[in-house]
Amino acid sequence: MTSARRAAAEAWAFRARVEQEAALRFDRLAAVVAGFDPGSPVPEMMRRAADDERRHTELCAQLAGRLGLPVALEPDTGQASIAPRSLDERQAALYEVVAACCITETESMATLTTLMAAEPDPEVRAVLHSISRDEVVHSRMGWAHLSRESAAGEVAFLAPLIPGMLAGTIDDGLFGAPPADEDPEGLLRLGVLPLQQKREVFLGTLEQVVFPGLEKFGVDPEPGRRWLARASGLG
Amino acid sequence: MQFKKLFQVLVLGGAMAGAVAASACAQANAADKAKKPPADAGTTESGGGVKGW
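Line by line, the protein sequences are chains S and G. Counting from 1, one number per residue, gives the positions in the first sequence under the numbering used here. Counting from 1, one number per residue, gives the positions in the second sequence under the numbering used here.
I should point out that these hints are in silico values taken from the structure, not numbers from a laboratory. Backbone N, C-alpha and C fix where the C-beta goes; we use that ideal spot for every residue, glycine too. Take these hints with a grain of salt, some might be off.
Ranges of calculated distance between the beta carbons of each label pair, as one might list FRET restraints [claimed, not checked]:
1. G:Gln8 <-> S:Pro38: 26 to 36 Å
2. G:Leu12 <-> S:Pro184: 24 to 34 Å
3. S:Glu154 <-> G:Met16: 39 to 49 Å
As a list, the in silico PhoX-like pairs of lysine-lysine whose alpha-carbon atoms are at most 25 Å apart [to be verified]:
4. G:Lys5 <-> G:Lys51
5. S:Lys216 <-> G:Lys4
6. G:Lys51 <-> G:Lys4
7. S:Lys216 <-> G:Lys5
What the simulated footprint calls covered on chain S by chain G, stretch by stretch (three residues with Cβ under 8 Å from a Cβ of chain G suffice, anywhere in the stretch; the number is not a length) [claimed, not checked]:
8. 83-89
9. 218-230
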């Protein structure tokens, strides 16, 4: 097996688990948000997103299997909130929605857009295309919820918590050196960003999409910007 | 990568989606705050993030 095929199989297997976790999270958050914001369109968007994520789980697992790494997914189990204990229910829901949708789904959408433009193999392209149509909505529902919460009350408490969200989003190796045997062109054909490109997409998305979006809805982006400068070695 | 377009599609598009029934939401929120004391709902000490693609 080539280094690109091995790395891609691992990436798609990881994505299958990420998508499975997202389905559980969206199902749980839909019920919570509906409890305090019954007029919101977000819970219904989340329920549909959970169904999307289950479909994505299968697509990613199938692709990992075809690349040589069969995926054994754990059965659906309960999933705890990632929010700090000090937050109340409504704040904790906002924390999770911002972490999962405004940050992670927005980053995923940028990654998918970049991968689609890189001429992947036809089978990979079909999967990327199918997933990207849904991920647009998954990111939007985060911004939809943040905009509603911003209009309804206080969201500034999130600002000092953004660095923790960002730290939990990235892999340890994102700002390190790429593997010695990395095959950038082979990775792109199989739907995976080489490390340098992954870093550029991550930084660009934060600086030009996520941070301006947070600021627009009343969350000070400066703590996040300071974290990013330190983490990326620019600060 | 057209980040400007992503901002428009995702951030601004999301805000438009969330604007549906916003006034009804504000009323419901006010009622909700009045009847329910905040309950601790987070489960970690300092919070975490969500891994993605």
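For each hint, the structure was consulted:
| no. | hint | verdict |
| --- | --- | --- |
| 1 | G:Gln8 <-> S:Pro38: 26 to 36 Å | holds, 29 Å |
| 2 | G:Leu12 <-> S:Pro184: 24 to 34 Å | holds, 33 Å |
| 3 | S:Glu154 <-> G:Met16: 39 to 49 Å | violated, 23 Å |
| 4 | G:Lys5 <-> G:Lys51 | holds, 24 Å |
| 5 | S:Lys216 <-> G:Lys4 | holds, 14 Å |
| 6 | G:Lys51 <-> G:Lys4 | holds, 24 Å |
| 7 | S:Lys216 <-> G:Lys5 | holds, 16 Å |
| 8 | 83-89 | holds (count 7) |
| 9 | 218-230 | violated (count 0) |
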